[in-house]
Amino acid sequence: DPLALAAAIASAEVAGGDDFLLKEARNKLTELREATTRRNEAAACLTGALSSEDAQELAATIAGAENAGVDRSLILDGQRRLRELTDSMQRRRNAMAALADAAARDDLPALAE
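Once you know that position 75 of the sequence shown is 75 in my numbering, the rest is easy, because the numbers rise by one and skip nothing.
Watch out, some of these pointers could steer you wrong.
Pairwise CB distance ranges (calculated) [said to hold, decoys possible]: (1) S51 with A12: 19 to 27 Å; (2) S51 with G16: 48 to 56 Å; (3) A7 with E41: 21 to 29 Å; (4) K28 with D77: 26 to 34 Å; (5) Q56 with A103: 22 to 30 Å; (6) G48 with Q90: 21 to 29 Å; (7) D71 with R105: 48 to 56 Å.
FYI, nobody ran anything at the bench for these hints, they're computed from the structure.
These numbers come from a predicted model, not from an experiment.
Ideal Cβ positions, reconstructed from N, Cα and C, are used throughout, including at glycine.
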């Protein structure tokens with residue numbers, strides 16, 4: 001927790017803590033803050049990508065969010081949306097293949113379906 005670590009560092013500075021340990025703690029605090037920023041940015045990107053129609057973009061955004069440690073529920077929302085997109089794409093491919101097949105056979109009743 002960055003806030004708890006920052007408070008501990010402040011207390012240690014006031015108490016005259018060891019300089020080496022304080023430096024290590026500050027470095028750790030910087031790492032935690034950067035990780036929090038990356039996680040928040042990845043969550044925002046994933047939230048935006050949920051409304052996308054681009055399955056590849058969404059898949060990449062989900063992977064980035066997983067790597068950044070985004071909340072699991074948001075990742076699951078992304079995975080559900082990705083399944084919806086891929087299912088829809090598959091249905092379209094199937095319909096187009098059936099249309100092409102019917103057109104190649106000059107099967108007008110099949111084209112009407």
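How the hints compare with the structure:
Separation of S51 from A12 is about 46 Å and departs from the stated range, judged on CB atoms against 19 to 27 Å. Separation of S51 from G16 is about 53 Å and conforms to the stated range, judged on CB atoms against 48 to 56 Å. A7 and E41 have their C-beta atoms about 25 Å apart, which keeps the hinted 21 to 29 Å range intact. With their beta carbons about 31 Å apart, K28 and D77 fall inside the hinted range of 26 to 34 Å.
For Q56 paired with A103, a C-beta distance near 29 Å keeps the hint of 22 to 30 Å intact. For G48 paired with Q90, a C-beta distance near 25 Å keeps the hint of 21 to 29 Å intact. Against the hinted window of 48 to 56 Å, the Cβ-Cβ separation of D71 and R105 comes to about 51 Å, which satisfies the hint.
The structure is inconsistent with hint 1 alone, although it conforms to all the rest.
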